[in-house]
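These are the residues of each chain, in order.
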Amino acid sequence: MKSAIIHFPGINREHDMFMALENITGFSPHLVWHTQTTLPDVDLVVVPGGFSYGDYLRCGAIAARSPIMSDIKTKTLKGLKVLGVCNGFQIITEAGLLPGALVRNAGLKFVCRNVDLVVENNTTWITSKMRKGDVIPCPVAHGEGNYICDAETLKRLEGEGRIVFRYAKGQNPNGAMNDIAGICNDAGNVIGMMPHPENMIEPLHGSTACRPLFESLLAA
Amino acid sequence: MKATVKVTLKNGVLDPQGKAIEGALGSMGFDGVNSVRQGKYFEIELVETDHGKAEAQLMSMCEKLIANTVIENYTIEFA
Numbered sequence: 001m002k003s004a005i006i007h008f009p010g011i012n013r014e015h016d017m018f019m020a021l022e023n024i025t026g027f028s029p030h031l032v033w034h035t036q037t038t039l040p041d042v043d044l045v046v047v048p049g050g051f052s053y054g055d056y057l058r059c060g061a062i063a064a065r066s067p068i069m070s071d072i073k074t075k076t077l078k079g080l081k082v083l084g085v086c087n088g089f090q091i092i093t094e095a096g097l098l099p100g101a102l103v104r105n106a107g108l109k110f111v112c113r114n115v116d117l118v119v120e121n122n123t124t125w126i127t128s129k130m131r132k133g134d135v136i137p138c139p140v141a142h143g144e145g146n147y148i149c150d151a152e153t154l155k156r157l158e159g160e161g162r163i164v165f166r167y168a169k170g171q172n173p174n175g176a177m178n179d180i181a182g183i184c185n186d187a188g189n190v191i192g193m194m195p196h197p198e199n200m201i202e203p204l205h206g207s208t209a210c211r212p213l214f215e216s217l218l219a220a
Numbered sequence: 001m002k003a004t005v006k007v008t009l010k011n012g013v014l015d016p017q018g019k020a021i022e023g024a025l026g027s028m029g030f031d032g033v034n035s036v037r038q039g040k041y042f043e044i045e046l047v048e049t050d051h052g053k054a055e056a057q058l059m060s061m062c063e064k065l066i067a068n069t070v071i072e073n074y075t076i077e078f079a
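The listed protein sequences derive, respectively, from chains E and V. Residue numbering for the first sequence follows my numbering, beginning at 1 and increasing consecutively. Residue numbering for the second sequence follows my numbering, beginning at 1 and increasing consecutively.
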């Protein structure tokens, strides 16, 4: 599993993601600066969390137009796997790799706590080591995680099994439609999620509940 | 050539910031506020002097960066 983590100015979770990928998959990811125009030869690109460009204009908007994104878009069409976490989800959605948008939390507050996620689709390359319906605790830390899309897109996401994770009933931290925490594209190779699985994999994190997500990567 | 661009949330897109402003106005004693929607305003100076070309440039900028047309509308005006 050769991977690359894309590094934008203002991103702050790239090392958490680096450690998670390195510890669990056994391979050190490449760290790729956003001004590069070509990705190294990898199977997986992770766009990590943080606050790229200070969330100026819209969260993820400016990072989504970085030079490296063109190569990511091109290779995504050829099957490259892309995982966006938190700001990374916002960035790849702004880049048009996933439908819909992430807007200000309905409650206006920045939410930083653990929530329970329900595995809705366990046939993806990040959930194959989980069971459908599994409930896993995972931290969230965001002010703009409220997923919205038009009615037709929502119907497609639901009907095609493209909702990967949902917030457990009553735990939606941001007002996202249908409690959506993570989705994939129609080909299944691009996945975005607001919660931070990379921060729930070591006993010191309080739980190792999200390790199966990274173990799924190994099997992919 | 100087232009202004206004970006507003589409109808139906929740605007919690607008709601908070609406609530604050009410608590300050401003009665009769039906609703508040917050948007963004940009002043853009272009080298282009041809009106049509400038408008085309600005539309492209709005579509590609300034607005997220999934959730926002934009209007362009020339000063």
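A portion of the hints provided could be inaccurate.
[Claimed, not checked] Below, simulated DSBU-like cross-link-like pairs (lysine-lysine); rule was C-alpha separation at most 35 Å, straight line:
no. : chain 1 : residue 1 : chain 2 : residue 2
1   : V       : Lys6      : E       : Lys109
2   : E       : Lys2      : V       : Lys64
3   : V       : Lys53     : E       : Lys169
4   : V       : Lys53     : E       : Lys155
5   : E       : Lys129    : V       : Lys19
6   : V       : Lys6      : E       : Lys129
7   : E       : Lys73     : V       : Lys64
8   : E       : Lys155    : E       : Lys73
9   : E       : Lys75     : V       : Lys19
10  : E       : Lys2      : E       : Lys78
11  : E       : Lys129    : E       : Lys78
12  : V       : Lys10     : E       : Lys78
13  : E       : Lys129    : E       : Lys109
14  : V       : Lys40     : E       : Lys129
15  : E       : Lys155    : V       : Lys19
Read the hints as simulated data drawn from the structure, not as lab findings. In this text, all values refer to a predicted model and were calculated from it rather than measured experimentally.
Hint by hint, here is what the structure shows:
1. For the hint pairing Lys6(V) with Lys109(E), the CA-to-CA distance comes to about 26 Å; that is within 35 Å, so the pair holds.
2. Among the hinted pairs, Lys2(E) with Lys64(V) is consistent with the structure: their alpha-carbon atoms are about 32 Å apart, no more than 35 Å.
3. For the suggested pair Lys53(V) and Lys169(E), the alpha carbons sit about 52 Å apart, so the restraint of at most 35 Å is broken.
4. For the proposed pair Lys53(V) and Lys155(E), the alpha carbon gap of about 39 Å is over 35 Å, so the pair is violated.
5. About 42 Å separates the Cα atoms of Lys129(E) and Lys19(V), which puts this hinted pair outside 35 Å; it is violated.
6. Between Lys6(V) and Lys129(E) the CA atoms are separated by roughly 47 Å; this puts the pair beyond 35 Å, and the hint is violated.
7. Between Lys73(E) and Lys64(V) the CA atoms are separated by roughly 15 Å; this keeps the pair inside 35 Å, and the hint holds.
8. Pair hint Lys155(E) plus Lys73(E) holds up; C-alpha atoms about 25 Å apart against a cutoff of 35 Å.
9. Of the supplied pair hints, the one linking Lys75(E) and Lys19(V) is violated, its CA atoms being roughly 41 Å apart against a limit of 35 Å.
10. Between Lys2(E) and Lys78(E), the direct Cα distance comes to roughly 16 Å. Compliance with the 35 Å bound is thereby established for this hinted pair.
11. About 25 Å separates the Cα atoms of Lys129(E) and Lys78(E), which keeps this hinted pair within 35 Å; it holds.
12. For the given pair, Lys10(V) sits about 34 Å from Lys78(E) by alpha-carbon distance, which is consistent with the 35 Å threshold.
13. Proposed proximity of Lys129(E) and Lys109(E) is supported: the alpha carbons are some 33 Å apart, at most 35 Å.
14. Taking the CA atoms of Lys40(V) and Lys129(E), the gap is about 44 Å. The hint is violated against a cut of 35 Å.
15. A C-alpha spacing of about 28 Å is found between Lys155(E) and Lys19(V), which places the hinted pair at or below 35 Å, so the restraint holds.
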